[in-house]
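Engineer: Here are the chains, one letter per residue:
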Amino acid sequence: MPTSTTDAPGAGASQRRPLGASSPRYGERIIKAFLALCAGLSVVVTIAIVISLVAPTIGFFQKVPITEFLFGTKWSPGFGEQSSYGVLPTVVATLDIVAVSLLVAVPIGLLSAFYLSEYAHPRVRRVVKPMLEVLGGIPTVAIGLFALMFLRPLAAKLLPFLGWDSIFSFGVAGVAVGLMVVPLVSSVSEDAMRSVPRGLREGAYALGASKMRVSVRVVFPAAISGIVAAIVLATSRAIGETMVVLIAAGATSQIVPPWDVTEPVQTMTAFIGSTATGDIATGTITYNTIFAVGTLLFVMTLSMNMLAMHLVRRFREVYE
Amino acid sequence: MDESGAPAIQVDPSELHTHGHIEHSKKVFELNKVSVYYGDSKAVSDVSLDIYHRNITALIGPSGCGKSTLLRSLNRMNDLIPGARVEGEVFYHESNLYDRKVNPVQVRKLIGMVFQKPNPFPKSIYENVAFGPKSLGMKDDMDDIVEQALRDAALWDEVKDRLHTNAYGMSGGQQQRLCIARAIATQPEVILMDEPCSALDPVSTGKIEDLMLELKRNYSIVIVTHNMQQAARVSDMTALLMVELDSDEHNRWGEVIEYDDTNKIFTNPRDPRTDQYVSGRIG
Amino acid sequence: MVTNEKTPRTGRTRLAVAGARAGSVSVFGKSSPGERAGSVLFPAVLLLALTLALTGLASLLVWSFVKGYPRLDANLIFNAPSTLFPATAGFRPAILGTLYIIAGVIVLIVPLGVGAAIYLEEYANRERWYNRLIELNIQNLAGVPSIVFGILGLAFIVRGPLDLGFIAASASITLALLVLPTVILAAREAIRAVPPSIREGSLALGATQWQTLSRQVLPASTPGILTGVILAISRAIGEAAPLLMIGAVTFVMFDPSFFSGGYTALPVQIYNYAVRPQEEFRNLAAAGIIVMLAVLLLMNSFAVWLRNRYEQRW
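Quick note, the sequences are listed as chains A, B and C, same order.
In case it helps, the working numbering puts the first sequence at residues 1 to 320.
In case it helps, the working numbering puts the second sequence at residues 1 to 283.
In case it helps, the working numbering puts the third sequence at residues 1 to 314.
Worth flagging that the hints you see were computed from the coordinates, not collected in a lab.
Here the structure is a predicted model, which means the values were calculated and not measured.
Watch out, some of these pointers could steer you wrong.
[As the list claims (entries may be wrong)] Straight-line distance between alpha carbons at most 30 Å, and here's what the computed DSSO-like set of lysine-lysine pairs gives:
(1) Lys32(A) <-> Lys134(B)
(2) Lys264(B) <-> Lys207(B)
(3) Lys32(A) <-> Lys139(B)
[Said to hold, decoys possible] Computed, partial: chain C to chain B, Cβ under 10 Å:
(4) Asn125
(5) Arg126
(6) Pro195
(7) Pro196
(8) Ser197
(9) Ile198
(10) Glu200
(11) Leu205
(12) Gly206
(13) Ala207
(14) Thr212
(15) Gln216
(16) Leu218
(17) Pro219
(18) Trp314
By construction, the Cβ of each residue, glycine as well, lies at the ideal position given by its N, Cα and C atoms.
Between the sequences and the hints, there should be enough to build the whole structure, so can you do that?
Structural biologist: So, in structure tokens, the structure goes:
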């Protein structure tokens, strides 16, 4: 290397480095493949869920006509020849729980979200939001026991004129489930409210609107799809909740209207949870019943989640 | 195109010689009808120009004229933007950077870059400088490499006592010089600078400009700037880009309208639009 | 209509001026009674709702403490469960079981969750249908009821293709799959928070994509990822429903092991005590809840501390 310029740091070794592929590109590819596999696992899990649900469900419907399952009004599986497989009582029981829980969670969650989004001082928000998150993270078995041992006696004392014959009551269980989903409702709807642009609010304030008017007439309609999404998600969570209803709602299979809140009922999840705890032999009709009910549960929650995701995407698209 | 069949293109350093600084004997880049697209829309159209060894070449023009886009096509940083596509040829010495055989990672090792906003890594000053050489697998004494790079970036005296403190504790101007030190630690041949002073105060800007004139002795520098005085102060060659519109004003793209010695651009341009732009009447 | 100072005011202009005055008084001065009531009552109602929710939380905590306090002793932690002696029965095998299960969960979710998050944030081309499918699918999985994961565990892991049997390892896998979406979503957010300029800076130095990720992006997003992992673990600790279906409900009196034999977990043991009719067992369950809540609170505080202490502000 005759010339002196090559001593300089900039011109030395670097220029002899080739431009072509010399770095370990195979390594990069292997890494990418591994990472893609990790991500693809989720699809495998979904497929596995569908397979594990569908195969026994088909077995179930070979024994039980699908019309009897969907429209029958008597649910007493596991009694040999006397069994009947009308799923309606468990579905109605689930809907009873959903109705009561939404009656609790929607007003409380929505109004809390209004407060946090429109009124609360930032410092209050910083304290209150984590507290709500803690409420959302309480194990459901704890909430179930709380419902059975605290809410149930409390309700009997506050509303003595209702007939509290059983220690189990779907009303109490529904209130507990509602309490559990309040954080979900409030956080999703608060997100939607906060993504309403400032300009929209300021436009209304500039017209002399009061804070309440802005909240109710401007923010609420603008955030409506997010709020509906929150309610749909809460419904899905309430449908799928197991431990609370298993502990506090009882195991009586009966069709009860949603106003008979003191009655014990058995929901779809409670049926699955209590039946599967025994060591049932694979392939028996009782075993397959679990999966048939599970399939119904999966379809119900999946469609609600898809709807909620669609709604959330809509408010994101509008304002972001 | 040219080096048919050669898997790895090599440049013999003995070919490189510089006598005077403005002698345009040696080209680093040769752009041949380069157009850059983002998706379907054209951002830069049909640029052909040569960039010379150990010169400072400035790309100036109004905002949105595609000067940063053009700069980023010189070290294939545009590859990182989804949908971005380069047509034409960018020869780096004798090899087309957009040849299929070329590995963009290798390109960036030879052609460093400094960005508009200082972007040090959230690590110590030392680690910021050492990151590049370590990624390249350089085996030399890392302490020496770091010290040399910081000295070359005129930063050593200010930071030698706090090499292991977080880089985010530095001032903006120091952070930008750290980014320059980081770029030269990998011993590139070319340094691309994308409006390196736009986020800095005048004093820091002056320091960076002095540093560029210093670095010119060993590196070829291409700088994008919106500041015409800066281009006039530091650069040897200047290219002026302008926004062009098609007839129905639906599409807009950038084009190089004049490329020449900086002196000529600022005193005696050929194109009347250049005269208007540098005297502040348009743009 | 042009009026100037000199022309005397007609009746109509006087009326108009008075009207305007009244209008501005009503705007700037006192508001209407209805509006005043609204501006006080409305926030009061909102605050009441929030207070109700927080009261629910507070009464749950106080209740479990009052009920469980008499049984907060060493026996609670170190004694095996018993169906006969609620006064000295404890949670020892359940606590050990939970520890084993959670250890397994951590080993599974950290690489899988972070790997999936890196892929989706840094490698996946969102134009491709399969990447959009993966994303949609993860969001959907996050909403699948936990009991359905129990069904998956029963049909696919305990029996079926994996056929591991009713052991703690099966529980680890089931719960890991259950909380994986949580980890992925949190890790994605943490990775996304690292500004693109850091990636550009690294790539412009000639670092490869993986070097950029492993040495710059991941270290910078570690606090956020860890927070997500901790939240996922705390969910796994409290989850009972899927475990009911995969054998955790058996009454285990001995210390469990990971790959063989029966096992149980803390929330399932609590459930086991809770469904017994005797008051003493329910109080024992409440004491178990205190233990579980204490662990969860500790983990959550750690997550908050971690976030505040190490989170990089850009």
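Engineer: If a hint holds in the structure, say so; if it does not, say that too.
Structural biologist: So, going through the hints one by one against the coordinates:
1. Distance check on the hinted pair: Lys32(A) and Lys134(B) sit about 22 Å apart at the alpha-carbon level, within 30 Å; holds.
2. Between Lys264(B) and Lys207(B) the alpha-carbon distance is near 26 Å, which keeps this suggested pair within the 30 Å criterion.
3. For the proposed pair Lys32(A) and Lys139(B), the alpha carbon gap of about 27 Å is at most 30 Å, so the pair holds.
4. Contact between Asn125(C) and chain B, as hinted, is supported at the beta carbon level, the nearest pair being about 7 Å apart and thus within 10 Å.
5. Given the 10 Å rule on beta carbons, the hint for Arg126(C) holds: about 8 Å separates it from the nearest Cβ of chain B.
6. Annotation: Pro195(C) was flagged as interfacial toward chain B, and the flag holds, the nearest CB pair being 8 Å apart, inside 10 Å.
7. This hint holds: Pro196(C) has a C-beta 8 Å from the nearest C-beta of chain B, less than the 10 Å allowed.
8. With a least beta-carbon distance of about 4 Å to chain B, the hint placing Ser197(C) at the interface is held under the 10 Å criterion.
9. Because the smallest distance between the Cβ of Ile198(C) and any Cβ of chain B comes to about 6 Å, under 10 Å, the interface hint for this residue holds.
10. Among the interface hints, the one on Glu200(C) holds; its C-beta lies about 6 Å from the nearest C-beta in chain B, closer than the 10 Å criterion.
11. Annotation: interface hint on Leu205(C) holds; nearest CB of chain B at approximately 4 Å, less than 10 Å.
12. Hint status for Gly206(C): holds, given a least beta-carbon distance of 3 Å to chain B, under 10 Å.
13. Because the beta carbon of Ala207(C) sits about 4 Å from the nearest beta carbon in chain B, less than 10 Å, this interface hint is met.
14. For Thr212(C), the interface hint holds, the least distance from its beta-carbon to any beta-carbon of chain B being 8 Å, beneath 10 Å.
15. For Gln216(C), the interface hint holds, since its Cβ comes within 10 Å of a Cβ in chain B; the closest pair sits about 6 Å apart.
16. Hint status for Leu218(C) relative to chain B: violated, with the closest Cβ pair at about 12 Å, above 10 Å.
17. At a threshold of 10 Å, the smallest CB-CB gap from Pro219(C) to chain B is about 8 Å, leaving the interface hint in force.
18. Here the hint on Trp314(C) is kept, as its CB sits about 8 Å from the closest CB of chain B, short of 10 Å.
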